[in-house]
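Undergrad: Once you have looked at the hints, place chain B on chain A.
Below, each chain spelled out in residue letters.
There are 2 protein chains.
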Amino acid sequence: MSVFFNLISVDDAIGLMKKIAPPMESEVVPLMDACDRVLSGDVVSDIDIPGFDRSWKDGYAVVASDSVSATDAQPTMLTIKGRIQMGSGERLSMKSGEAIYIPTGGQMPLGADAVIMIEHSEEVRDRVLIKRPASVGENVILKNEDFSRGKVVFRGGRRLSPQDIGVLAAVGATSVCVRGKPRVGIISTGIEIVSVDTVPAIGQVRNVNTYLCGAYVQKHGGIAVDYGIVRDDVEAMKNLLCEAASECDLVLISGGSSKDKNDVTAVAMEDVGEIFAHGIALAPGKPTVIGRIGTTPVIGIPGHPAAVVMVLNVVIRHLFAVMVGHSSALAQSRKAVLFENIPSEKGREEYVRIHLNKDGMAVPLFGKSGLLNTIAESDGVIKIPAGCEGLEEGEIVEVMLW
Amino acid sequence: MSVFFNLISVDDAIGLMKKIAPPMESEVVPLMDACDRVLSGDVVSDIDIPGFDRSWKDGYAVVASDSVSATDAQPTMLTIKGRIQMGSGERLSMKSGEAIYIPTGGQMPLGADAVIMIEHSEEVRDRVLIKRPASVGENVILKNEDFSRGKVVFRGGRRLSPQDIGVLAAVGATSVCVRGKPRVGIISTGIEIVSVDTVPAIGQVRNVNTYLCGAYVQKHGGIAVDYGIVRDDVEAMKNLLCEAASECDLVLISGGSSKDKNDVTAVAMEDVGEIFAHGIALAPGKPTVIGRIGTTPVIGIPGHPAAVVMVLNVVIRHLFAVMVGHSSALAQSRKAVLFENIPSEKGREEYVRIHLNKDGMAVPLFGKSGLLNTIAESDGVIKIPAGCEGLEEGEIVEVMLW
Numbered sequence: 000m001s002v003f004f005n006l007i008s009v010d011d012a013i014g015l016m017k018k019i020a021p022p023m024e025s026e027v028v029p030l031m032d033a034c035d036r037v038l039s040g041d042v043v044s045d046i047d048i049p050g051f052d053r054s055w056k057d058g059y060a061v062v063a064s065d066s067v068s069a070t071d072a073q074p075t076m077l078t079i080k081g082r083i084q085m086g087s088g089e090r091l092s093m094k095s096g097e098a099i100y101i102p103t104g105g106q107m108p109l110g111a112d113a114v115i116m117i118e119h120s121e122e123v124r125d126r127v128l129i130k131r132p133a134s135v136g137e138n139v140i141l142k143n144e145d146f147s148r149g150k151v152v153f154r155g156g157r158r159l160s161p162q163d164i165g166v167l168a169a170v171g172a173t174s175v176c177v178r179g180k181p182r183v184g185i186i187s188t189g190i191e192i193v194s195v196d197t198v199p200a201i202g203q204v205r206n207v208n209t210y211l212c213g214a215y216v217q218k219h220g221g222i223a224v225d226y227g228i229v230r231d232d233v234e235a236m237k238n239l240l241c242e243a244a245s246e247c248d249l250v251l252i253s254g255g256s257s258k259d260k261n262d263v264t265a266v267a268m269e270d271v272g273e274i275f276a277h278g279i280a281l282a283p284g285k286p287t288v289i290g291r292i293g294t295t296p297v298i299g300i301p302g303h304p305a306a307v308v309m310v311l312n313v314v315i316r317h318l319f320a321v322m323v324g325h326s327s328a329l330a331q332s333r334k335a336v337l338f339e340n341i342p343s344e345k346g347r348e349e350y351v352r353i354h355l356n357k358d359g360m361a362v363p364l365f366g367k368s369g370l371l372n373t374i375a376e377s378d379g380v381i382k383i384p385a386g387c388e389g390l391e392e393g394e395i396v397e398v399m400l401w
Numbered sequence: 000m001s002v003f004f005n006l007i008s009v010d011d012a013i014g015l016m017k018k019i020a021p022p023m024e025s026e027v028v029p030l031m032d033a034c035d036r037v038l039s040g041d042v043v044s045d046i047d048i049p050g051f052d053r054s055w056k057d058g059y060a061v062v063a064s065d066s067v068s069a070t071d072a073q074p075t076m077l078t079i080k081g082r083i084q085m086g087s088g089e090r091l092s093m094k095s096g097e098a099i100y101i102p103t104g105g106q107m108p109l110g111a112d113a114v115i116m117i118e119h120s121e122e123v124r125d126r127v128l129i130k131r132p133a134s135v136g137e138n139v140i141l142k143n144e145d146f147s148r149g150k151v152v153f154r155g156g157r158r159l160s161p162q163d164i165g166v167l168a169a170v171g172a173t174s175v176c177v178r179g180k181p182r183v184g185i186i187s188t189g190i191e192i193v194s195v196d197t198v199p200a201i202g203q204v205r206n207v208n209t210y211l212c213g214a215y216v217q218k219h220g221g222i223a224v225d226y227g228i229v230r231d232d233v234e235a236m237k238n239l240l241c242e243a244a245s246e247c248d249l250v251l252i253s254g255g256s257s258k259d260k261n262d263v264t265a266v267a268m269e270d271v272g273e274i275f276a277h278g279i280a281l282a283p284g285k286p287t288v289i290g291r292i293g294t295t296p297v298i299g300i301p302g303h304p305a306a307v308v309m310v311l312n313v314v315i316r317h318l319f320a321v322m323v324g325h326s327s328a329l330a331q332s333r334k335a336v337l338f339e340n341i342p343s344e345k346g347r348e349e350y351v352r353i354h355l356n357k358d359g360m361a362v363p364l365f366g367k368s369g370l371l372n373t374i375a376e377s378d379g380v381i382k383i384p385a386g387c388e389g390l391e392e393g394e395i396v397e398v399m400l401w
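Line by line, the protein sequences give chains A and B. Using numbering that gives the first Met the number 0, the first residue of the first sequence is number 0, and each one after it goes up by one. Using numbering that gives the first Met the number 0, the first residue of the second sequence is number 0, and each one after it goes up by one.
There may be inaccurate statements among the hints.
Note that identical chains are pooled: a pair holds if it fits in a single copy or bridges any two copies.
Computed cross-link-like contacts, SDA-like style, restricted to lysine to any residue with a CA-CA straight-line distance of at most 25 Å [what the hints assert, rightly or not]:
1) Lys17 to Leu6
2) Lys285 to Lys357
3) Lys150 to Asn356
4) Lys17 to Ala280
5) Lys142 to Val313
6) Lys150 to Lys382
7) Lys17 to Val266
8) Lys357 to Val151
9) Lys218 to Arg158
10) Lys285 to Glu269
11) Lys150 to Arg126
12) Lys94 to Ala320
13) Lys17 to Glu269
14) Lys382 to Ser147
15) Lys142 to Asn372
16) Lys142 to Leu370
17) Lys80 to Glu118
18) Lys180 to Val224
19) Lys130 to Leu6
20) Lys142 to Ile201
21) Lys367 to Arg157
22) Lys237 to Asp41
The set of hints was computed from the structure by calculation and includes no laboratory data.
Isolated chain A, as found in the complex (with noise of 0.2 Å):
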């Protein structure tokens, strides 16, 4: 293993993440329980959506042509044939001249072809004055309007919102099959990190990546395991890649990737797996190692916060798309208005942290990126692309979120 290495591109990178992805089995959940999670296949209706011909307003059921000419000075009156009851599966029916109460909800009854909202009729006795014209079908839903008994509600790969959790009710799914949810195995490593419950000496640092992947991966609908620390102990990491491979369906190693002769990670990977990179042309991020053990992905990021949020967001954030089967869950963006000029130098491809203020536009954050407050601070980053010169103030960017 070179010391040294060779840089991919980013979109190398993407695409080595998309490659070695393993997509996640399907599970079977309860349905109160599926919010944002992913269909794994098509659901189709138990039944017709509506059963029968409802009316969609609390009204007077009519014949529509009755009330063509109905208006608030000379309405029409008709003689209430009944009342719907909710619930109800007796089918009332009526003709012309008549007209039936019916809630929302309630099935039309025969005869009836439109409904005439409540607010526009007046009850006397028993007649009702309609003082509105009423269309064909208007306020009604008809049997199968909605959805078809048998017929597809939701493709697979949608990522079910709470109003999908609510046609999904309607169509009788008490469970569904959604992607299982990653387990992603959390190791960091360097002789300088000791736990959050420790106070450092001089040339230590608390053990912030843990936590910070930890959260990234449940924010993003995967189960973090924590594997502890691993001091700069090449047979130690390779004992405990191996475990977490075997436990786990990703794992993520921050620290020990860079080209410091004490650091572990690329080596012990190599030992008991394969690496297809070292060294992504991002920046912070870029000794990245990505690799695999037998089918379980292994990433070693650079042990930096600044770094881990970057590769995290940037390149890892792909991989797990594909793994819990949804793009766009995992790929938020935002078009705003540039604060400020970005210089360019050097002509290549860049990420820049990106602050939106409270106006909604985008403040380049050029500051130290190694300041943990920088990166509480930053809210994405926008990529410039290789050959740009920098962009303009008052230029519309789009900002991946983190």
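TA: Just chain B now, kept in the frame of chain A:
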């Protein structure tokens, strides 16, 4: 109780929500479970970060003034005085003419004031060639520069991102005080409602709303508690309402809130609690009842799922925001270009549901709002202010996302 009701404006309904919302008590959660939770108080750092002057790059600690004339063609040669070991508390020292190898995160030697990146150096036996000048402080993070011991890191009211969780790990917050998750009781009412595992007979519909409300509550950080279906029975509703109000922080009832004589929600609410408003100038969603039992807000929403989606997102989200202590978490919006004209004849405030198409344009959904499939298709809603005569194709609109 009048069968008819007076409408209040959406703004008044939102004001009422903010007034009756009980802020949640604090609870302590482990840091790893705190992502997306809202801090209930300020967090201060227990240490200086960094606790020592550290390098932010792999490279050589130097005296900046030694490097002023260094170039690729005419590098400056310095004597390697030693190598910094990660995690070592020992502080090396050096002087002009010397350099010390330092890895990212290593403690700066006494006497050095900058770090030359390894890419801009070349080691030759016990010497190193420096090929770029460094300014004082370059690639160095000073003790204290990030956070100071005893100083506030995050203010109460902040919703924690994965990056924030990382920062909290750095400042030793192994657990954090956050706002509790609201327990939200959900009651579905209507004589026509049957459970989701039942095939509805003619005139019946499945209990969509318990799932829709439950998923909404979960998505927005609450705990959904299902109190089942109440038939149109005032006594049963009163008993269940009292039970739910005593066990929960908020109760949502769907159905039974309209003007139909069999609708029991308002009658039961008035008997066991108080009603502040009955009717909102919002379509669909007009016959909403807003009240309270003891200190627990109770909202009766009309039974059609389209109304439930509208009332939850336009009105109840504000109540939720006060309860969980964070406003922007629940009011995400996005600017979009309007795909086609929206006529507004009425001159009064209107809410129009929007689908964001694949180009990100806002397509108004004009179809029957009673259809479930338009609910699943909609991504949010836009507000057309009172007095506005409609919106034109190509205008920029603000879409409140579901």
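Undergrad: How would you label the pair Lys17, Glu269 (within, between, both, or neither) given a Cα cut-off of 25 Å?
TA: within (21 Å within a copy, 58 Å between copies)
Undergrad: Given identical chains, is Lys130 near Leu6, meaning Cα to Cα at most 25 Å, within a copy, between copies, both, or neither?
TA: between (76 Å within a copy, 21 Å between copies)
Undergrad: Reference check for the pair Lys142 and Asn372, CA-CA at most 25 Å: within, between, both, or neither?
TA: Answer is between; shortest inter-copy Cα gap is 14 Å, intra-copy 58 Å.
Undergrad: With identical chains treated as interchangeable, where does the CA-CA distance between Lys17 and Leu6 reach 25 Å or less: within a copy, between copies, both, or neither?
TA: within (18 Å within a copy, 54 Å between copies)
Undergrad: When no copy is specified for Lys180 and Val224, does a C-alpha distance of 25 Å or less occur within a copy, between copies, both, or neither?
TA: Both: 12 Å inside a chain and 24 Å across chains, each within 25 Å.
Undergrad: Within a copy, between copies, both or neither: where do Lys150 and Asn356 come within 25 Å Cα-Cα?
TA: between (46 Å within a copy, 23 Å between copies)
Undergrad: At most 25 Å between C-alpha atoms: does Lys150 with Lys382 qualify within a copy, between copies, both, or neither?
TA: Neither: 42 Å inside a copy, 34 Å across copies.
Undergrad: Within, between, both or neither: how does the pair Lys367, Arg157 come out at a Cα-Cα threshold of 25 Å?
TA: The answer is between: 23 Å across copies meets 25 Å, while 40 Å in one copy does not.
Undergrad: At most 25 Å between C-alpha atoms: does Lys17 with Val266 qualify within a copy, between copies, both, or neither?
TA: within (24 Å within a copy, 57 Å between copies)
Undergrad: Pop the pair Lys17 and Ala280 into one bin, within, between, both or neither, using alpha-carbon distances up to 25 Å.
TA: within (18 Å within a copy, 49 Å between copies)
Undergrad: I want to check one pair: Lys94 and Ala320. Are their C-alpha atoms no more than 25 Å apart within a copy, between two copies, both, or neither?
TA: Answer is neither: 58 Å inside a copy and 51 Å across each miss the 25 Å cutoff.
Undergrad: Under a CA distance limit of 25 Å, which applies to Lys150 and Arg126: within one copy, between copies, both, or neither?
TA: Neither: 43 Å inside a copy, 75 Å across copies.
Figure legend: structure checked against the earlier numbered hints; hints not met, in rising order: 2, 5, 6, 11, 12, 14 and 22.
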